[in-house]
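Numbering (the numbering used here), first residue to last: 11 to 205.
Mixed in with the good hints there might be a few duds.
Claimed, not checked - Okay, the calculated beta carbon distance ranges per label pair:
| id | residue 1 | residue 2 | range |
| --- | --- | --- | --- |
| 1 | GLU124 | GLU147 | 29 to 37 Å |
| 2 | PRO111 | GLU147 | 22 to 30 Å |
| 3 | GLU85 | MET129 | 13 to 21 Å |
| 4 | GLY31 | ARG51 | 35 to 43 Å |
| 5 | ILE149 | MET47 | 24 to 32 Å |
| 6 | ALA79 | GLY195 | 35 to 43 Å |
If you're looking for bench data, these hints aren't it; they were derived computationally from the structure. Using N, Cα and C, we set each Cβ at its ideal position, and we do this for glycine too.
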Amino acid sequence: MVEKQVNMGTTLDLLWISKCGQDAAMQDPDRRYIPPMALSRQRALAAHIGERPDWDMFPGFDPALGSKALEKHQEVTRILHESGGLVVGGTDCGGIPYPPPGYALWREIELLAEAIGGMAAFQAVTSVAARYLRQQENIGSIAPGRYADLLIVDGDPLRDTRELRKLTVVYRGGQAYDPQTLLAGVPKSAVGQAH
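Let the sequences and hints guide you as you build the complete structure.
Here it is, written out as structure tokens:
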């Protein structure tokens with residue numbers, strides 16, 4: 011993988027769900043941002059294929075096994091990164107009703123940082139991801155002529171990646187947005203609030 015510069019997309023956030031187990035994952039406050047339409051569609055699909063209709067990614071999945079799987083995946087990620095391989099941070103957001111868009115990437119960065127450090131985790135979801143997409147001339151770093159999508163936070167996310175959640179301003183295409191105003195416009199999932 012290193013020699014041929016084959017990338018590894020991580021999706022550690024899904025293994026985090028397995029580690030927590032369904033009941034704990036259902037209590038995650040980020041669930042309130044699952045779009046109701048997506049949740050309804052996933053419930054219908056789950057019911058159609060015979061799973062529990064509310065959300066059961068891994069029926070009967072053992073959280074201890076999930077914890078071991080996450081640790082092993084983080085170890086493989088670290089080894090690949092230290093060997094010069096391409097680690098591309100990503101989520102499976104949208105494939106299942108959890109985790110919601112944006113929040114899934116925050117958790118992915120947090121889990122990547124545990125494996126490869128904060129700076130490398132941010133690079134995995136920005137410049138390395140842009141390189142993988144062959145879009146490094148347009149996205150993935152701050153430079154003249156590139157898309158001006160930025161997050162401004164109150165804190166130092168390189169010291170503690172959880173501080174990325176302390177958004178003060180979001181810039182999209184050079185336009186500033188207030189994060190609280192954006193979140194206020196997102197329909198909240200009744201299931202996410204109830205759990």
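Taking the hints in turn, this is what the structure says about them:
Taking 29 to 37 Å as the suggested C-beta distance range, the pair GLU124 and GLU147 conforms, at roughly 31 Å. A C-beta distance of roughly 25 Å is found between PRO111 and GLU147, which places it inside the suggested range of 22 to 30 Å. Separated by about 19 Å at the C-beta atoms, GLU85 and MET129 satisfy the suggested range of 13 to 21 Å. About 24 Å separates the C-beta atoms of GLY31 and ARG51, a value inconsistent with the hinted range of 35 to 43 Å.
ILE149 and MET47 have their C-beta atoms about 28 Å apart, which keeps the hinted 24 to 32 Å range intact. Range check, ALA79 to GLY195: about 36 Å between beta-carbon atoms, so the 35 to 43 Å window is met.
When the structure is compared with the earlier hints, a violation turns up for hint 4 alone.
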